[in-house]
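Engineer: The lines below spell out each chain.
4 protein chains.
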Amino acid sequence: MEEGRQINVGVLGATGTVGQRFVTLLSAHPWFVIHKLGASPRSAGKTYREACSWKQATAMPAGVKGMVVQECKAEHFADCAIVFSGLDADAAGDIETAFRAAELAVFSNAKNYRRDPNVPLIVPFVNPGHLAIIPQQQALHSPPLHKGFIVTNANCSTTGIVIPLAALERAFGPLELLLVTTMQAISGAGYPGVSSLDILDNIVPHIGGEEEKIEWETLKILGGLTETETEGGGGLKAFDMHARHPLRVSAACNRVPVIDGHTECVSVRFARRPPPSPQQVREALAAFTPDAKALGCPSAPRYTITVHEEPDRPQPRLDRGYQDGAGVSVGRVRQCPVLDIKFVVLSNNVSIGAATSSIINAELAVLKGVVPA
Amino acid sequence: MEEGRQINVGVLGATGTVGQRFVTLLSAHPWFVIHKLGASPRSAGKTYREACSWKQATAMPAGVKGMVVQECKAEHFADCAIVFSGLDADAAGDIETAFRAAELAVFSNAKNYRRDPNVPLIVPFVNPGHLAIIPQQQALHSPPLHKGFIVTNANCSTTGIVIPLAALERAFGPLELLLVTTMQAISGAGYPGVSSLDILDNIVPHIGGEEEKIEWETLKILGGLTETETEGGGGLKAFDMHARHPLRVSAACNRVPVIDGHTECVSVRFARRPPPSPQQVREALAAFTPDAKALGCPSAPRYTITVHEEPDRPQPRLDRGYQDGAGVSVGRVRQCPVLDIKFVVLSNNVSIGAATSSIINAELAVLKGVVPA
Amino acid sequence: MEEGRQINVGVLGATGTVGQRFVTLLSAHPWFVIHKLGASPRSAGKTYREACSWKQATAMPAGVKGMVVQECKAEHFADCAIVFSGLDADAAGDIETAFRAAELAVFSNAKNYRRDPNVPLIVPFVNPGHLAIIPQQQALHSPPLHKGFIVTNANCSTTGIVIPLAALERAFGPLELLLVTTMQAISGAGYPGVSSLDILDNIVPHIGGEEEKIEWETLKILGGLTETETEGGGGLKAFDMHARHPLRVSAACNRVPVIDGHTECVSVRFARRPPPSPQQVREALAAFTPDAKALGCPSAPRYTITVHEEPDRPQPRLDRGYQDGAGVSVGRVRQCPVLDIKFVVLSNNVSIGAATSSIINAELAVLKGVVPA
Amino acid sequence: MEEGRQINVGVLGATGTVGQRFVTLLSAHPWFVIHKLGASPRSAGKTYREACSWKQATAMPAGVKGMVVQECKAEHFADCAIVFSGLDADAAGDIETAFRAAELAVFSNAKNYRRDPNVPLIVPFVNPGHLAIIPQQQALHSPPLHKGFIVTNANCSTTGIVIPLAALERAFGPLELLLVTTMQAISGAGYPGVSSLDILDNIVPHIGGEEEKIEWETLKILGGLTETETEGGGGLKAFDMHARHPLRVSAACNRVPVIDGHTECVSVRFARRPPPSPQQVREALAAFTPDAKALGCPSAPRYTITVHEEPDRPQPRLDRGYQDGAGVSVGRVRQCPVLDIKFVVLSNNVSIGAATSSIINAELAVLKGVVPA
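Residue numbers (our numbering), protein chains in the order written: chain P, 44 to 416; chain W, 44 to 416; chain S, 44 to 416; chain G, 44 to 416.
Don't take every hint at face value.
Just so you know, same-sequence chains aren't split out, so a pair can sit in one copy or run between any two.
[Said to hold, decoys possible] DSSO-like cross-link-like pairs, simulated, lysine-lysine; straight-line CA separation at most 30 Å: (1) K336 - K108; (2) K89 - K280; (3) K280 - K336.
For the record, the hints were derived by calculation from the structure and aren't laboratory data.
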């Protein structure tokens with residue numbers, strides 16, 4: 044990446060919860076420059092300051108206050124090299140398709156295309172290699188695309204756990220069983236999202252579709268990208284869903300009265316016997332260095348996984364802001380009497396669990412030449 | 044139980060969190076009459092109203108306001124047929140021993156004697172048969188006792204899960220694996236207990252000693268009471284710790300910003316194959332009728348286990364007050380991709396998880412003649 | 044009121060927050076029998092159990108579960124002697140007018156007709172005498188009405204303070220200045236109401252229209268009902284808005300993370316000099332006996348105003364449930380260095396602040412013969 | 044202040060809540076270098092990392108982790124030009140006296156000496172002129188001091204309001220009446236401080252001694268420092284407590300479930316008639332430039348008073364972190380029907396309400412030559 048080069052980017056759904064986080068992070072980004080902001084027709088034509096009910100604990104960046112919000116139509120974003128989508132699922136489907144068809148590179152936080160067999164579902168510290176499916180995604184489009192594509196990042200609760208799990212698989216071989224119970228922050232539901240009457244002095248032991256997402260996305264992310272020879276000679280790439288080493292995943296998801304930061308209690312069983320000791324697990328987690336770090340992604344945190352030794356950490360209020368929420372925290376690594384090892388993961392659902400992942404994915408795409416710098 | 048017969052009872056630790064709950068419940072009890080209140084020397088001599096910083100959401104019962112608080116010495120409680128102990132662990136050990144030695148029947152919520160091989164650890168809807176160890180407890184005392192004994196109830200987080208687990212074992216045979224993640228209310232830590240700075244907008248993923256308690260107590264409660272012939276002819280009773288069908292238990296405990304009500308996400312594997320279906324589990328839970336109900340314990344709730352069909356229940360704020368917290372709620376019964384079945388349990392930690400359990404244990408002891416009515 | 048006589052009542056907006064509270068209270072009422080439940084067309088035709096997302100901490104009363112919800116059309120409620128309205132303001136206007144025109148007696152919690160010069164705004168322990176405007180309300184209708192009318196109760200934050208203020212005016216003469224700062228519970232905004240992201244670990248120092256309501260309603264409620272001779276001979280009744288002794292009211296309203304119970308810090312100045320002492324104020328508050336009590340309204344609490352001596356009471360969590368929320372609590376009565384006296388009021392906004400007020404108003408109307416028993 | 048000059052400072056009570064905030068702020072300070080950390084004998088001899096249960100949402104600064112904590116004895120701090128005290132009131136009295144006697148300059152957040160007639164009580168944007176009492180404080184000491192003195196800052200709830208009040212007095216002349224209702228964060232009570240059982244879903248309408256502090260400190264801070272000729276010729280300085288224009292202050296203090304940030308609803312009456320309009324007040328607040336800013340105190344924020352135009356701001360969660368909590372926010376400036384003007388103030392109680400005030404006071408003392416640079 045040439046020094047000082049700047050890349051114009053757009054943000055879709057810019058007035059929403061995830062959009063505001065994109066705007067906050069991108070305003071301080073060394074490469075990316077916010078060039079266009081998109082939102083619903085109701086907001087279009089207003090300045091961002093007028094259109095947006097700003098709910099971040101930091102002030103609205105000065106540079107975006109006066110920007111005029113656009114409708115989410117591709118023609119308004121034609122001069123953006125990258126478009127970040129913080130759209131809600133009900134709007135994201137059609138808009139992201141249209142943007143891709145208009146040869147725009149879309150990095151989406153929405154769930155709509157995560158299960159698409161030609162769309163990579165990338166957690167930046169885990170499976171950037173899945174970007175290799177993009178040429179196939181473009182080739183299968185009608186007409187074939189040259190620059191347009193969609194990359195999705197994972198659900199926030201999936202992201203938090205697959206990062207340490209990837210570190211464990213790299214060190215100790217494939218996992219066989221995974222049982223996770225989540226305690227998820229209210230910001231994960233957007234704004235207005237969770238009614239205060241539902242969550243103050245309360246737990247809601249259900250988040251619609253969340254358990255299925257964790258159980259499915261984990262397999263796509265941790266699994267490989269395989270290539271089968273086709274008759275015509277060209278190989279067909281496919282996500283193998285961890286099929287060579289079947290992994291069974293069980294999730295129980297809860298909403299808790301925490302503003303930001305998902306806490307997840309994880310138990311795992313390894314295929315390899317004997318399994319690693321808690322101390323070996325701690326060391327492997329702390330030593331984990333993802334490609335995003337090695338390649339020099341500017342938004343990759345210094346410490347990808349922070350391993351806590353104190354018995355009562357990580358805690359969302361104390362640890363979610365560390366490194367601006369770009370890493371994950373793991374604590375209480377100990378033996379599990381039922382599976383092998385259990386531990387607690389904390390991830391910042393609005394940072395690495397959402398906008399930060401999309402941004403590092405885009406940084407990876409730039410560094411790997413998938414998006415021209 | 045003869046109509047209208049009244050039994051004098053005492054409450055130790057009466058000014059504390061559990062003690063206040065004992066006082067509230069006993070003030071409306073059809074059999075038990077609060078006769079003596081015991082607390083620390085600092086409180087002794089004051090009226091209960093003066094000594095007690097009342098923190099219940101219901102008013103202090105009129106009948107106890109003017110009662111003079113006693114020191115926790117057995118001579119002050121000599122005319123109590125039953126003594127309930129809500130003492131903290133640091134005081135409970137010596138005091139409860141002294142009360143037993145003074146031929147008093149002690150029903151304790153403290154943890155001190157739960158692991159004693161001659162003290163029953165009773166969850167009233169699960170293992171009232173363990174009262175049968177009491178003669179041995181008395182006989183082994185020096186000098187042998189005639190009326191004095193200690194019965195403990197379980198830790199609040201254990202109590203919540205063993206009730207549905209007992210129902211499942213009764214219907215489907217022994218369990219083999221149990222994995223539980225708890226989200227526990229602040230009232231479980233007493234008063235002042237958890238600092239607000241530690242729990243507002245936060246989760247603390249650790250409660251000292253709690254996981255060990257769940258992993259150990261569950262075995263004592265769900266396991267049998269076996270008798271081995273001794274040389275002298277008399278059988279020696281012992282708790283078998285679920286040894287005939289080894290059960291492995293793994294617990295992960297969290298403190299959450301909820302006032303009352305422990306929520307627990309449970310996954311289980313049965314020994315018998317194939318395991319029951321979720322619908323069979325729901326039916327077995329709803330049909331469960333414990334001895335406490337059959338025998339007519341007045342504090343046993345109408346519905347021991349309430350099975351929720353709504354996808355987002357039970358919730359502590361909405362469900363903890365049902366039947367004054369004397370039953371437990373189970374919801375989200377579904378298949379577990381890793382073990383067999385998973386579900387969510389809610390129990391009121393200050394009611395069935397503490398004082399209500401002790402009271403029903405005492406009712407059982409009266410009905411079974413262990414305590415003379 | 045004849046022993047055992049039963050009065051059929053309907054509830055409008057029955058599936059909403061206030062409606063659920065009406066249903067809970069009326070299900071246990073000695074006179075009133077829930078005969079019809081009304082809600083939006085979307086709910087009509089369903090059973091109450093199906094139509095309603097029940098959010099009360101007590102279970103849905105058995106008697107209403109199977110009742111079929113009606114559209115809010117007067118013909119469905121023709122055989123109801125009384126109709127309670129928990130409708131939202133956007134629906135209440137037209138529906139309540141139509142019900143009145145159909146000769147139904149409407150007791151409304153909605154704000155729409157509170158400022159109507161012929162509709163009484165009644166806080167049951169304060170100004171039941173304002174029911175005397177009803178014949179004029181009926182006579183001015185076109186065509187004149189025989190049985191139909193609308194009675195409103197006050198805004199929840201107004202209700203809490205006018206009860207002790209009425210007690211003070213009765214004892215010490217008119218007030219001259221009133222300054223109140225409120226800390227209002229989230230349930231006051233209905234469901235879903237306040238977003239959890241807006242109120243967890245936060246205060247919102249603004250509630251739309253609330254300060255104006257307190258500043259205006261207080262005058263209508265505490266003021267008299269005057270009669271001026273008209274040319275034709277009949278007197279014309281009018282609310283005097285405390286005009287004979289002008290009262291200036293200043294309110295500052297805040298939303299706080301409390302589920303139920305409005306806390307209000309009040310300072311007042313009396314017209315009469317010297318003003319009463321704090322002790323005289325405490326005694327007058329505790330001695331206050333409203334007409335609703337004297338007349339025998341079954342929902343009137345035993346203690347209308349509970350005066351707390353402890354320095355840190357009342358508190359919403361501990362005191363809002365006392366007498367099922369039908370009274371108000373006052374504490375910290377002390378001198379105000381700027382005005383005369385200051386104190387803290389706690390009222391249960393969903394009970395005396397809403398449904399309970401409407402119900403006692405209806406009881407008063409029955410006892411005074413305004414509604415035939 | 045010479046470029047690059049560094050001043051060694053010590054922190055007393057360094058492991059406590061305020062102490063941790065001192066350590067966080069001083070670690071990034073351009074002039075002050077943490078040279079010594081003092082705490083209780085229990086902590087002395089341990090490294091700061093070992094001694095301190097770190098509760099800040101930012102990581103412990105690397106530079107202090109290995110520092111050895113000292114007992115709070117003056118001899119250990121002899122080479123500190125400035126000592127900041129975050130001691131609790133029960134320890135602060137004797138220790139601060141001893142440090143002053145040892146010729147150390149103490150800037151204290153404790154309440155012990157705030158009422159001392161020779162100790163200035165300084166809110167840095169309000170009354171830095173009160174530093175002029177220091178020579179008298181030193182001269183009256185026995186033996187007279189050359190360098191040692193004590194400067195206190197105000198109680199957190201006082202600090203928040205006197206800053207805008209000082210701006211108003213500067214623009215519109217003296218105030219006559221002040222009525223304030225506070226909603227104070229739990230961090231104001233230190234750690235463990237407020238029990239979670241007392242504040243979750245609750246308000247506590249009482250904070251011991253707080254109302255008296257506001258009512259008294261406001262007068263000392265906003266009042267002048269007068270000098271009376273004494274017989275011997277030397278003038279005697281005294282705080283006039285706003286005596287030339289008597290100001291009556293009434294405070295009502297509440298604890299609310301907010302982590303950081305005190306919200307205060309203020310009503311004021313001016314002596315000058317007619318009073319300013321809300322718009323004039325807004326302009327005067329926004330334009331206020333304190334000496335600390337003019338003199339170049341490095342910790343003075345860019346905007347001393349941020350005036351919000353949105354109707355629902357300031358809010359603690361959204362606004363307390365602005366400028367790292369060094370300014371105050373004012374919103375909802377409007378007419379008060381009882382006094383003249385009412386508005387809402389938000390101040391960060393752990394920043395400008397505590398440690399930040401002490402630090403800016405010390406900066407002022409350096410810039411004015413009271414402490415040698």
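Engineer: All hints are to be evaluated individually against the structure, with a verdict given for each.
Structural biologist: For each hint, the structure was consulted:
1. K336 - K108: between (32 Å within a copy, 27 Å between copies)
2. K89 - K280: neither (44 Å within a copy, 51 Å between copies)
3. K280 - K336: within (26 Å within a copy, 62 Å between copies)
Going down the numbered hints, you'll see the structure goes against just number 2.
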